[in-house]
Amino acid sequence: MPAWNIIQAVNDALRIEMRRDPRVVVMGEDVGKFGGVFRATLGLIEEFGADRVIDTPLAEAGIIGAAIGMAMYGLRPVPEIQFSDFIFPAFDQIVNELAKLRYRSGGQYSAPVVIRTPVGGGIKGGHYHSQSPEALFIHTPGLQVICPSNPVDAKGLLISAIRQDDPVIFMEPKRVYRAAKGEVPEGEYTVPIGEAKVVREGRGMTVIAWGAMLHEAQQAVEQAPELDAELIDLRTLWPLDVERLARSVRKTGRCAIVQEAPRTCGFAAEISALIQERCFTSLEAPIARITGWDTPFPYTLENEYLPLAPRILGALRGLKAYEA
Amino acid sequence: MLLRGFPLVPYLCQIFGNAGDETKGRQMPSHMASRSVNQVSWSSCIGTQLPQAVGAAMAARIKGDRTVIAAYLGDGASSEGDFHVAMNFAGVFKAPVVFICQNNHWAISVPTAKQTASESIAVKAVAYGFPGVKVDGNDAVAVYRAVKEALDRARSGGGPTLVECETYRIGAHSSSDDPTRYRDEQEVEQWKKRDPLELLRSRLQAWGLWTARQEDELRAQVLEEVNGAIAEAEKKPDPARESLFDDVYANQPWSLREQREELLASPPAARAKQSP
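Sequence order for the protein chains is A and B. Position 111, counted from 1, in the first sequence is what numbering that gives the first Met the number 0 calls 110; the numbers after and before it change by one each time, with no gaps. Position 124, counted from 1, in the second sequence is what numbering that gives the first Met the number 0 calls 123; the numbers after and before it change by one each time, with no gaps.
Don't read these hints as lab results, they were simulated from the structure. Hints may be right or wrong, so weigh each one.
[To be verified] Here are some of the chain A residues that sit facing chain B, going by a computed Cβ distance under 7 angstroms: (1) Pro-56; (2) Gly-61; (3) Ile-67; (4) Gly-68; (5) Met-69; (6) Tyr-102; (7) Gly-105; (8) Asp-164; (9) Glu-200; (10) Pro-238.
Glycine included, each C-beta is placed from N, C-alpha and C at the ideal position.
Let the hints inform the model, and build the full structure from the sequences given.
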């Protein structure tokens with residue numbers, strides 16, 4: 000098994016699905032001859048041609064709008080939005096069109112579009128190459144949101160996403176695009192959508208994270224074995240594996256959620272509500288949220304903004320020490 | 000949709016939003032969809048269908064089909080970003096799509112002169128590298144010819160066309176609109192003289208293809224048909240409460256199953272009324 004990074008895993012998943020299913024097409028800005036600004040689509044145009052690996056004009060609403068039309072016509076488009084910060088020109092197409100098509104047509108039409116988009120900070124990208132807009136899409140009925148933290152899950156989840164019938168926002172954590180390596184099985188395999196994964200078992204507290212921050216949380220809990228933390232990687236944000244989380248919190252009695260996006264109305268808030276609804280009598284401390292601040296994403300001070308391992312560790316120690 | 004053979008009763012059921020509606024009462028009147036006649040689902044968001052139409056046309060070409068996509072819009076839609084995005088994609092990919100713009104001069108209260116400084120909507124196509132044609136939208140034969148030519152061009156690989164059909168919105172935009180607040184009734188009277196149905200009738204009569212008697216018979220027949228269909232459509236009940244949670248996803252996730260149970264445990268709500 001090769002030790003691959005997330006970009007290689009994504010590339011492999013796309014190639015496998017394009018070979019398997021002629022309906023799968025890749026489209027977006029610079030995805031063809033250039034192979035994508037992160038090289039995730041490298042070599043696909045050589046194998047599958049310009050009809051299936053489509054370099055589009057620079058217009059996100061056009062990329063997603065056209066992908067919806069293609070999907071209605073029976074293709075399986077996998078458009079790329081170059082940075083999730085640029086997804087907003089396509090927000091109307093995603094929220095009002097893509098997400099609602101099955102519902103508003105009474106189930107007659109659907110648009111199985113998988114939108115790949117790099118998310119998150121940590122590459123000194125400033126406001127517009129760093130944001131984590133997952134909550135906006137989780138809040139939209141009709142969408143599924145996936146955010147793997149490692150190449151093995153990235154490949155298996157992307158294949159699963161392409162093979163099912165509803166739209167997916169597939170968020171790729173660019174901070175660990177190349178840093179997160181793993182033994183990626185060759186050939187096709189799937190990772191089920193909607194299943195979280197226990198990365199580290201423990202009885203002292205439950206720590207929930209996803210994407211790039213999973214690695215920060217892991218660093219924090221491994222630095223402090225006395226916390227006896229159970230670390231859970233969500234992998235799929237929506238539909239959330241809420242039962243997996245609740246089982247863990249019933250066992251540990253304490254819960255922290257790490258989220259890179261701004262705190263207010265972030266996904267950690269929803270997770271927190273769901274856990275207290277299910278685990279109220281098991282909780283021994285308020286659920287802790289360790290998040291980005293409620294500011295636009297900064298440039299110079301991005302490491303002050305991000306909930307990195309040292310800040311996470313401090314919060315987890317506070318959670319451990321809490322007594323009612 | 001009716002022209003393409005969609006039956007009248009389910010069409011009316013969509014307007015009533017009842018259990019006979021193929022789209023399950025999910026949208027306001029006139030937001031139709033039916034796979035049976037290739038009518039994709041309507042959105043109230045202006046112009047969003049246009050890039051989708053281009054995508055469907057690109058897909059048809061990729062699959063090697065002879066399908067051409069007809070994308071309808073109004074004069075107001077030509078101001079939306081999605082219009083320009085769609086025109087640009089259509090031009091770049093030479094997609095087999097025909098944009099049919101019904102320029103009726105009014106987008107609710109905003110006249111065409113405030114939508115665009117261009118001499119026409121059709122001329123915009125030039126900038127995107129394909130033909131734009133302006134026709135008298137009240138002349139059915141002229142519209143047929145222009146659209147036929149555009150469809151043939153698209154089907155033979157010649158790419159997209161924008162057909163602007165100039166007409167006039169005689170009535171109000173909706174039941175809550177009051178056009179006397181923003182436009183000159185004299186203008187309306189002028190356009191009434193050019194009613195497209197009157198034009199078609201006099202032309203057919205001149206050609207000896209249509210008589211007053213045929214028209215009387217047809218009117219009586221259609222009236223009966225429509226009244227019968229309304230009576231039948233009105234009998235249908237509302238969609239079932241729990242259908243609220245269907246079709247959000249192909250498979251209901253736990254969150255919707257939980258909310259469905261919550262709804263069914265609560266008393267049925269009073270029927271929602273249309274606002275006046």
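Hint check:
1. The interface hint given for Pro-56(A) is met, as the beta carbon of that residue sits about 6 angstroms from the closest beta carbon of chain B, less than 7 angstroms.
2. Below 7 angstroms, beta-carbon pairs count as interface contacts, and Gly-61(A) has one with chain B at about 4 angstroms; its hint therefore holds.
3. Look at Ile-67(A): its Cβ gets to within about 5 angstroms of chain B, closer than 7 angstroms, so that hint holds up.
4. For Gly-68(A), the suggested interface contact is upheld, since its CB lies about 3 angstroms from the closest CB of chain B, less than 7 angstroms.
5. Among the interface hints, the one on Met-69(A) holds; its C-beta lies about 4 angstroms from the nearest C-beta in chain B, closer than the 7 angstroms criterion.
6. Hint on Tyr-102(A) holds. Least Cβ distance to chain B is approximately 5 angstroms, under the 7 angstroms limit.
7. Annotation: Gly-105(A) was flagged as interfacial toward chain B, and the flag holds, the nearest CB pair being 4 angstroms apart, inside 7 angstroms.
8. Using the Cβ-Cβ criterion of 7 angstroms, the hint placing Asp-164(A) at the interface with chain B is satisfied: the shortest such distance is roughly 4 angstroms.
9. Evaluation of the Glu-200(A) hint against chain B yields a violated restraint, the C-beta minimum of about 24 angstroms exceeding 7 angstroms.
10. Here the hint on Pro-238(A) is kept, as its CB sits about 4 angstroms from the closest CB of chain B, short of 7 angstroms.
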